[in-house]
Amino acid sequence: MNDLVLVRKNLFRKKLRAALMLVSMLVAFAIFGVLAAFQRSFNSGQDVAAADRLVVVNKINFTQPLPVAYFNRVRGIDGVRQVTHLNWFGGYYQDPRNFMLVFAVEPATYMDVYSDDIDVPPDAHDAFLRERTSALVGEAMARKWGWKVGDHIPISSSIFSQKSGTHTWDFTIAGIFKNRKPQIDTNFMVFQYDYFDETRSFTKDLIGWLALQTVSPADNDRVAKAIDQMFANSSYETSTDTEKAFNKAFAAQFGNIALMVELVVGAAFVTILMIVGNTMVMAVRERTREIAVLKTLGFSGRRIFGLVLGESVLLALLGGLPGLGIAVLVTLSISQSLSNFFPGMAVTPGIALAALALMVALGLATGFVPALNAYRLRIATALGRG
Amino acid sequence: MSDTTLVHLAELRKGFTKGKETITIFDGLELSIPGGDFVAVMGPSGSGKTTLLNLLGGIDRADSGEISIAGERIDGLSEAALSRWRAANIGFIFQFYNLMPMLTAAQNVELPLLLTKLRRKERHEHVEAALKIVNLADRARHYPREMSGGQQQRVAIARAIVSDPKLLLCDEPTGDLDRTTADEILGVLQILNRDLGKTIVMVTHDPAAAKYARRTLHLDKGHFVEKEMAA
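First to last, the sequence lines map onto chains A and B.
Plus 20 on top of the position in the first sequence (first one is 1) and you've got our numbering.
Plus 892 on top of the position in the second sequence (first one is 1) and you've got our numbering.
These aren't lab readings, by the way, just hints derived from the structure by calculation.
Small disclaimer: the values here were computed from a predicted structure and weren't measured.
Backbone N, C-alpha and C fix where the C-beta goes; we use that ideal spot for every residue, glycine too.
Keep in mind that a hint or two might mislead.
To be verified - Calculated cross-link-like contacts (lysine-lysine; reagent style DSSO-like; alpha-carbon spacing at most 30 angstroms):
id	chain 1	residue 1	chain 2	residue 2
1	B	Lys1103	B	Lys1058
2	B	Lys1024	B	Lys1009
3	B	Lys1113	B	Lys912
4	B	Lys1024	A	Lys29
5	A	Lys198	A	Lys268
6	B	Lys1009	B	Lys1058
7	B	Lys1009	A	Lys29
8	A	Lys29	B	Lys1013
9	B	Lys1024	B	Lys1013
Claimed, not checked - Here are some, though not all, of the chain B residues that point toward chain A, as calculated from beta-carbon distances under 10 angstroms:
id	residue
10	Ala972
11	Arg976
12	Ala979
13	Phe984
14	Met992
15	Pro993
16	Arg1051
Between the sequences and the hints, there should be enough to build the whole structure, so can you do that?
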């Protein structure tokens, strides 16, 4: 026997009570794990943003278009290394429920601006430039639908239609690209803007936004100001910001996710703190006489303090770790189906470590008061001898 | 019984405050117990028998005076030092056994050894030896709820002696037992005293129990009155 056995035996002496406390811990950490995975996915755009990339959008908001002519005008600004443009397609495959991330892009510049993020094989690179109806598909998307190079795929748009009235465009897969950074999700595809612009029935010669690379991040502010000044007082005024700020603003349109997660998790944890803390106080009070006996045998107040704290920390770990395990299973099972909205949703080692720290903190918080009571316990009084 | 004094109390004063009233329990108590003695302490309720055990065991503090056990003054020790001292020198036996219900007999007996530097195997050897002394080796894996009152008290005795303390303090050790079982327990205490040389101080209300001791002390108005030798 050792102190850990003593702690474990004390914790499970009333099995129903222990089970209920474990379940409450389990639920709290399952909620924490899933919500933290959602939050991480939501903010992942900020993490992958390159320091030297700027995004130019319509000043009204990013859903409003810009003229394609801005592409060449921005290219001429001093400090701009490369510019590309993108257009949201609103794509789906076969059924509107199969929503997909699809962008119409200027192919050569797109592959240049994002060359640090995606790895396009040389033959795919050339084929994408050569074939007007070709598309580059991310590895995750290709795997999801079982596509391979050379496949003909009909992709529909929930926004745009062709002049013929159809909402579907046919593409040939020129290549499948991989990510160069693990945090970049490849569940998207791009195709040639020219093909899109010539065939669509409205908003001709308009694009969604520009993405550009500066010569150095030190040029970012100057370049951004120069672009916005260039288009000031025009019909399409611009707002230029870093990619990180753009991604953050994009995420913020759905509300303050971080605050929501913190509030939900905070409410769950405060409730558990009160329930488990109160239960621990009662459990230790029931053992007043036994604690006095341990002290009589020579167990010091400090050691008793440690035993009670150990009990609450063990409870938090035994409940919290399976809860985190459930969060991992839940995120694994839904990450595929939600990959379009929440790419890369997963319980990362960082989230697991944060959860572990929370478990220990919660264990210490719930055990502190009963441990202090046990520490202060006077033997003679507790044994009814005083 | 050795000639060396194991327990020495001098000018011991102890009182309790109850509301606005101060109740004096001991007012200059003196006592000497030689090593190897077996002393029964009797007296009317409220005479301070249990308070005396608490003071001897270092679980309560005197207002003033000197308490020496085996030549060591314990009245000035800190709480932490007293805990260490109790673990090494004192074995307690209570009226209601006070075993841990979630631990087996062997684990209960092992508890004081967790405070020592003994290795697991050595601890098990000590536990086995202690349980053999109280004739409970075959009950090592039983939980308290699976044992009779007498057996539980024998486990408590094994727990008290497992770390080989100098002094055993027994508070009404047979108060919860029938006569036959009480005689068995007292027989075990007598063996511990006579064969193993343990010094025992036993508080009891039971004159039949007191007869197992070498001598009986009566507490009366905060002072001892020595009576006849027993056995």
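Results of checking the hints against the structure:
For the hint pairing lysine 1103 of chain B with lysine 1058 of chain B, the CA-to-CA distance comes to about 22 angstroms; that is within 30 angstroms, so the pair holds. For the suggested pair lysine 1024 of chain B and lysine 1009 of chain B, the alpha carbons sit about 22 angstroms apart, so the restraint of at most 30 angstroms is met. Using a Cα cut-off of 30 angstroms, the hinted pair lysine 1113 of chain B and lysine 912 of chain B holds, with the two alpha carbons roughly 21 angstroms apart. Under the criterion of a C-alpha separation no larger than 30 angstroms, the hint pairing lysine 1024 of chain B with lysine 29 of chain A is consistent with the structure, at around 25 angstroms.
Simply put, lysine 198 of chain A and lysine 268 of chain A have alpha-carbon atoms about 24 angstroms apart, close enough for the 30 angstroms limit, and the pair holds. As the CA atoms of lysine 1009 of chain B and lysine 1058 of chain B are separated by approximately 18 angstroms, the hinted pair is consistent with the 30 angstroms bound. Distance restraint check for lysine 1009 of chain B and lysine 29 of chain A: the Cα-Cα separation of roughly 22 angstroms lies within the 30 angstroms cut-off, and the hinted pair is therefore satisfied. Simply put, lysine 29 of chain A and lysine 1013 of chain B have alpha-carbon atoms about 21 angstroms apart, close enough for the 30 angstroms limit, and the pair holds.
Proposed proximity of lysine 1024 of chain B and lysine 1013 of chain B is supported: the alpha carbons are some 17 angstroms apart, at most 30 angstroms. With a cut of 10 angstroms, the hint placing alanine 972 of chain B at the interface with chain A holds, because the nearest CB-to-CB distance is about 5 angstroms. Satisfaction of the interface hint for arginine 976 of chain B is found here, the shortest Cβ-Cβ separation to chain A being roughly 7 angstroms, below the 10 angstroms cut-off. Below 10 angstroms, beta-carbon pairs count as interface contacts, and alanine 979 of chain B has one with chain A at about 2 angstroms; its hint therefore holds.
Residue-level restraint check for phenylalanine 984 of chain B holds (minimum Cβ-Cβ distance to chain A is 5 angstroms; threshold 10 angstroms). A least Cβ separation of about 6 angstroms between methionine 992 of chain B and chain A falls short of the 10 angstroms threshold, and the interface hint therefore holds. Given hint, proline 993 of chain B at the interface with chain A, holds; its Cβ is 7 angstroms from that chain's nearest Cβ, closer than 10 angstroms. The closest approach between the C-beta of arginine 1051 of chain B and any C-beta of chain A is roughly 8 angstroms, which is under the 10 angstroms cut-off, so the hint is satisfied.
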